[in-house]
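S.K.: Here are the chains, one letter per residue:
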Amino acid sequence: MPRIPGAGLVSGMRLTLTRFFQPKRTVMYPEVKPDIAPRNRGRLELVTDEHGTLKCETCFQCAQACPIECIDMGGTDTKGRFAVHWGPAEQYAERREESAMRRSGRTVSDAAAATGATINIAKVDEILEAHDYDPHHMLAILEAIQGAYGYLPVDALKRVSRATGAWYAMVYGTATFYKHLAFEPGVTRSIAVCRCANCLVSGAGSVMGTLSYEFGTEFGRAIPWSNLRLESLPSHLPDAPSPLVVIDGEPQRDLSAKNAASWAAALAGRYAA
Amino acid sequence: MAWNRLTPAGRVLAVLLPVLAIGGALTTALLVAFGGAIAATIGANLPIVRFLVASVVTFLISVPVAFLLIYMEMKIIALMNLRIGPDRIGPAGAVMSVVHGLKVLMKEDYTPPSVDVPVFTLAPVVVYLASFMTLLVIPFAPELTSMGFELGLLYFFAIGGLSVVGLMMAGWSSFNKYSLLGGIRAAAQAISYEIPLTLSVVGIVILTGTLSLPKIVAAQDGSFLDWFIFRQPLAAIIFFIAITAEANRTPFDNAEADQEIVAGFATEYSGMRFGFFFFAEYVNVFIVSALFSAVFLGGSNPPIHIDLNPQILIDLSALGIGLPLIAGIAPVLGTLLFAAPIWFASSRIKGWQALVAGFLIFGGVSTAAVGIWAFVMLPPVASLIWFLIKTFALVFTFVWMRGTLPRARIDQLMGFAWKWLLPASLLNIFATAFAVLIAGR
Amino acid sequence: MAITRDPKFSNLPEVQPDGSVQLPATVGNTLWSTDDPRAYGGLPLEAHPNLELARYDATGDGRVDDARWGGALSAIPTKADVVLDLIRANSLWPLLSGLACCAIEMMSTATPKNDIDRWGMFPFRASPRQADVLIVAGTLTTKMAEPLIRLWEQMPEPKWVVAMGDCTCSGGRYKRSYSVVQGIDRVMPVDVYIPGCPPRPEGLIYGMMKLQQLVKDRRGHWPERAIGPTVPKGI
Amino acid sequence: MRPSLDDPRVAIPAESTWYEPAPTPQTERQAEFLSLREGEMFVNMGPQHPSTHGVLRVIIKVNGEKVVDLDPVLGYLHRGVEKLCENADYHQAICYTDPLEYVSSLFCEAAPVAAFEKLMDVDVPRRAQYIRVLTMELNRIASHTLFQGWMALDLGGITPILWAFIERDEIVDMLAALTGQKLLYNYYRIGGVNGDLNHEFMSRLGTWMSRAAAQIDSNLALINENEIFVRRTRGLGVLDAKTALKMGVTGPNLRASGVPFDLRRDRPYLVYPELEFDVPTRDEGDSLARYLVRMDEIKQSIRIIDQVLHEMPDGPVMAKLPRLLRPRPGRAFGAVEGPRGVYGTYAISDGTDQPFRMRIHDPSFVHLQLVGPLTKGNLIADTMAVMASLDPVMGGVDK
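Chains A, L, U and W are the protein sequences, given in the same order.
Under the numbering used here, the first residue of the first sequence carries the number 1, and numbering increases by one thereafter.
Under the numbering used here, the first residue of the second sequence carries the number 1, and numbering increases by one thereafter.
Under the numbering used here, the first residue of the third sequence carries the number 1, and numbering increases by one thereafter.
Under the numbering used here, the first residue of the fourth sequence carries the number 1, and numbering increases by one thereafter.
Worth flagging that the hints you see were computed from the coordinates, not collected in a lab.
It is possible that part of the hints are untrue.
[Said to hold, decoys possible] Pairs of lysine to aspartate or glutamate, EDC-like flavour, derived with a Cα cap of 20 Å: (1) W/K118 x W/D353; (2) U/K210 x A/E31; (3) A/K33 x W/E200; (4) L/K177 x W/E40.
Produce the complete structure using the sequences and hints provided.
M.R.: Rendered as structure tokens:
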């Protein structure tokens with residue numbers, strides 16, 4: 001630092017004044033194109049050849065090589081049959097391992113992860129072959145699988161996802177959306193409540209609410225501690241009381257809207273014992 | 001209903017236009033009827049009329065001055081940064097600042113909830129008012145001083161201090177902590193620097209014996225060695241530093257330090273109210289530059305008196321009917337004269353292009369000729385040009401400092417004012433008074 | 001029960017040929033109520049829990065959102081809009097708000113080599129109240145989304161948003177991240193998208209010139225801007 | 001009539017009156033508000049503020065202009081990089097760490113690459129090592145040049161940053177000719193670099209080197225001797241060596257406190273042991289010292305580049321590696337000396353092609369802890385000077 005006060009300021013002022021008269025460094029961009037190195041990979045467009053046709057052959061190699069999977073390619077194959085997709089999954093839909101907990105090495109009671117390859121996968125393949133591996137027939141495939149196994153095994157869903165090209169999340173989402181598709185094995189019996197107009201008037205709604213509350217599950221799902229499912233009955237049985245509740249097709253005559261809770265508690269006690 | 005869809009400004013205009021039309025008609029009628037009486041009244045109250053005219057003219061010139069300074073600042077700092085600066089709108093981007101100004105006028109003028117509305121609205125007005133009221137006493141030329149009264153210097157300091165009130169109002173009413181800090185910084189800084197600012201000119205007052213700015217300028221008549229910057233160098237330095245702080249310029253722009261308190265007192269202002277702050281800042285720069293050049297750089301006095309003693313006298317009335325003929329033919333002839341060499345120079349230049357170029361060159365040449373004639377023949381014009389040259393050299397210095405220096409810290413700033421500038425200015429007073437006593441002027 | 005005319009059906013003939021008047025009936029909701037009585041403005045004013053605020057809200061004094069195109073020059077007839085848009089397009093002050101990597105390239109745009117000051121865009125305003133363009137430069141995370149929206153709302157009309165970089169356009173390389181907003185068009189209307197990771201400064205200049213063009217072209221259609229990805233008609 | 005808090009119509013009746021006990025604070029922030037004493041107030045700076053270097057939020061408790069307490073709030077740029085790396089394979093992970101510190105992204109690549117190479121026992125060809133040193137030193141100069149500009153900008157000078165960007169633009173354009181990108185290079189690969197030196201890079205480097213030192217010196221002359229700058233930074237935010245070591249400070253900030261610790265010399269990696277350079281240190285530990293140490297490092301970097309260019313060997317730039325990298329289960333820590341301090345990556349492999357866990361150590365995060373202690377008792381304007389001299393980059397802090 002110089003001894004004279006203000007000398008630094010003056011030298012700085014002198015420097016700016018010299019720069020004031022020096023040639024400027026600006027590249028006049030829209031008129032003058034910048035000097036960009038040929039190696040620059042910032043170009044974000046598909047290249048066309050001299051005839052104006054796209055050079056891209058849709059070989060998917062760029063999408064496979066993209067280190068951060070920011071290239072997303074998708075569509076159907078040439079016969080319009082299979083959905084083809086390569087690229088990043090949607091935000092939460094697809095992971096390479098279903099459970100992040102399991103990836104971290106812990107043993108977790110994840111139902112999807114706990115069922116190992118215990119099923120015979122050949123039946124799934126037959127069903128898929130019958131449906132031509134078409135992801136558009138997802139519901140039919142899943143129903144056939146449920147018919148074959150009695151429920152939807154996770155391995156079967158994975159197989160479906162891999163074979164049809166549909167994302168696992170979409171398969172899973174389809175399976176969970178429809179109430180008649182079940183994930184739990186061994187559910188053989190069912191409690192069904194009729195929802196015809198007559199039953200609703202006489203209190204089927206509140207019966208359903210009570211049962212769902214007492215059993216701790218919702219309609220269309222299995223009861224956790226038993227082999228029972230809660231279902232709704234599509235039509236009223238002839239010569240049956242209202243509201244109508246059936247266990248495995250057997251009408252329960254001692255049930256009304258008022259004693260549904262105690263009835264459910266009694267049922268639970270019977271199963272616990 | 002069209003009335004409901006009008007904005008407040010539109011409503012004001014919708015009322016004003018018919019009122020003006022009717023009022024104008026009435027005024028004309030009154031003038032025709034009582035013209036003589038009105039002329040007599042005006043003649044009797046000439047100072048008042050003079051004041052009104054001066055105020056209006058000053059207000060009108062303050063806005064173009066702000067535009068010019070904004071453009072200068074953008075361009076000069078850009079050039080110092082080794083870049084081009086605005087160059088897309090107008091020649092070399094010269095219209096850029098006007099576009100900015102008009103844009104600001106068109107922005108939504110938003111008043112945030114929970115501000116103190118009257119104070120918030122008045123603050124920019126006060127700031128701008130203070131700026132242009134100080135412009136009233138600037139002696140552009142001996143004949144071109146709006147209000148050349150005695151006490152002009154005192155008036156300047158008094159009204160110049162008013163702008164701080166505006167900044168404080170803005171800072172306080174904005175309901176924003178950054179604004180508050182900015183306002184308080186502005187107040188503290190202004191109070192500290194008012195004192196050395198005022199004390200530094202006391203030496204000049206002792207020397208000249210007057211507070212009137214035209215008389216101070218007149219006292220520096222002669223060569224440039226008579227300027228007070230050479231007779232009062234210490235005062236000039238103190239004065240320069242103090243006006244830098246007064247105008248909130250780098251390195252003393254603490255009140256609106258972007259990096260510390262976002263935009264200072266103007267943080268919550270948008271639209272035209274921000275525009276007033278923006279303009280006032282640049283008008284202030286012009287004013288303090290003008291004041292410095294008036295007090296220390298001889299104002300409108302040329303550096304060296306060269307008596308050209310011009311004898312070129314054109315008696316226009318002697319031309320008689322020839323005058324309109326010359327006025328009509330000269331532009332055409334001049335244009336053709338300048339266009340011809342351009343047209344012959346290259347076969348690629350089309351005829352109309354050569355004509356346009358010739359017209360522009362003729363315009364430039366004739367304007368320059370008239371300007372030189374006015375500079376030589378009319379003393380006020382020469383004085384004004386000298387004054388503006390000095391003022392804009394100072395404006396350049398301010399911009400140059402902004403392009404170079406970092407910002408001083410607020411406590412260092414205050415310490416500098418109280419510990420160094422104040423004693424130095426007192427010393428300057430005593431030294432001047434002592435010299436006057438010894439030398440007897 | 002009062003029978004009121006639904007404005008949706010105002011194009012129906014009011015008087016039938018036989019002289020009778022048929023109005024579509026609107027039946028008030030007397031059968032169903034929400035859990036929270038304050039929902040759908042259901043509670044009478046006097047029973048509002050914060051009576052002072054509710055009364056104040058009812059006066060409408062606090063609503064100052066009707067000033068989309070306010071300003072002193074609004075009184076000029078609409079024929080002048082061409083000139084006004086020219087002025088607006090040539091004086092776009094960006095807000096100084098860099099979020100991440102792209103901020104460096106945004107600053108580089110203002111530097112001697114690429115000098116965006118040539119278009120008068122250099123003095124990046126520090127306060128949103130004085131800015132015209134919000135250049136969102138860099139990854140927008142969920143935590144930053146709320147302050148950014150507040151900045152956008154604090155800017156006075158007319159105002160524009162430029163999404164700079166892949167992250168702001170679509171999530172980019174953070175497409176799979178749990179904490180990144182997948183494209184800022186999910187939270188604010190975007191006028192110009194500039195892809196690239198990061199875009200070169202020339203890219204930003206090009207985008208800003210596109211924005212100028214947009215300001216001149218899309219005159220009078222700004223209020224229709226919507227949040228969400230929008231595709232221009234020709235594409 | 002616009003609303004105002006003084007308007008009696010909007011006055012909200014206070015829930016507690018003066019004779020009731022003070023309310024119990026529910027959150028940490030509330031407790032801080034209740035701790036305000038007479039004359040104090042909170043000023044909230046950021047996340048959008050001109051001088052917070054990105055999206056940092058700083059809550060300052062001020063008494064007038066004096067900073068009583070300061071509390072940085074982080075996380076506005078948390079992009080989940082570590083988690084993303086665990087879901088990407090080893091090559092992809094480099095790409096995610098790339099934008100961490102976007103001013104010096106080559107160092108953010110170098111640290112995970114070093115860790116992965118240790119994990120896989122890869123021998124990097126010597127030419128690749130030289131190229132890495134060359135590019136890293138160039139990037140260090142670019143970063144320090146920007147630091148100089150930012151430091152001046154935060155103190156209110158606008159010109160230095162624009163001059164600094166000229167140098168920085170030339171360096172990054174040069175690197176773009178080599179790597180293909182201006183800012184996020186993604187150039188280092190496990191076992192080498194992506195692409196050999198090309199003619200364009202070398203010619204640009206040659207032109208730049210011929211006048212770099214003189215140009216940078218000339219730029220420095222603007223503020224290095226400026227009295228206002230020196231007065232504002234000298235003796236401000238003094239960090240003594242003991243505290244610095246205790247806080248885990250590294251890099252120029254540590255060397256400005258008089259501890260000559262430089263990873264390039266003390267834990268040598270790549271070909272640094274064969275190169276000759278000094279480790280500039282200063283004893284003052286204030287903002288000015290931190291600034292000057294960085295400016296001295298620019299000169300050392302130019303010296304290193306000069307040696308590297310003279311000793312560059314021939315050979316391949318990439319080791320022979322399988323396409324799919326599956327290291328044995330194990331763990332490794334790789335670190336490099338960056339412009340801000342030690343960048344480290346700790347990677348655990350479980351035998352698959354993805355890192356099982358990746359922990360990124362970033363120096364800016366450590367340095368940001370210092371802003372509070374160093375600023376207390378100074379003025380608001382000093383907060384900016386201290387913060388700028390510590391030079392944090394928010395991308396690395398929040399990861």
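S.K.: All hints are to be evaluated individually against the structure, with a verdict given for each.
M.R.: Hint check results:
Taking the CA atoms of W/K118 and W/D353, the gap is near 15 Å; set against the 20 Å cutoff, the hint holds. Taken as a hint, the U/K210 and A/E31 pair is honoured in the structure, with Cα atoms around 15 Å apart against an allowance of 20 Å. Only pairs whose Cα atoms come within 20 Å are accepted, and A/K33 paired with W/E200 is accepted, the gap being roughly 17 Å. Taken as a hint, the L/K177 and W/E40 pair is honoured in the structure, with Cα atoms around 12 Å apart against an allowance of 20 Å.
The structure meets every hint from the earlier list without exception.
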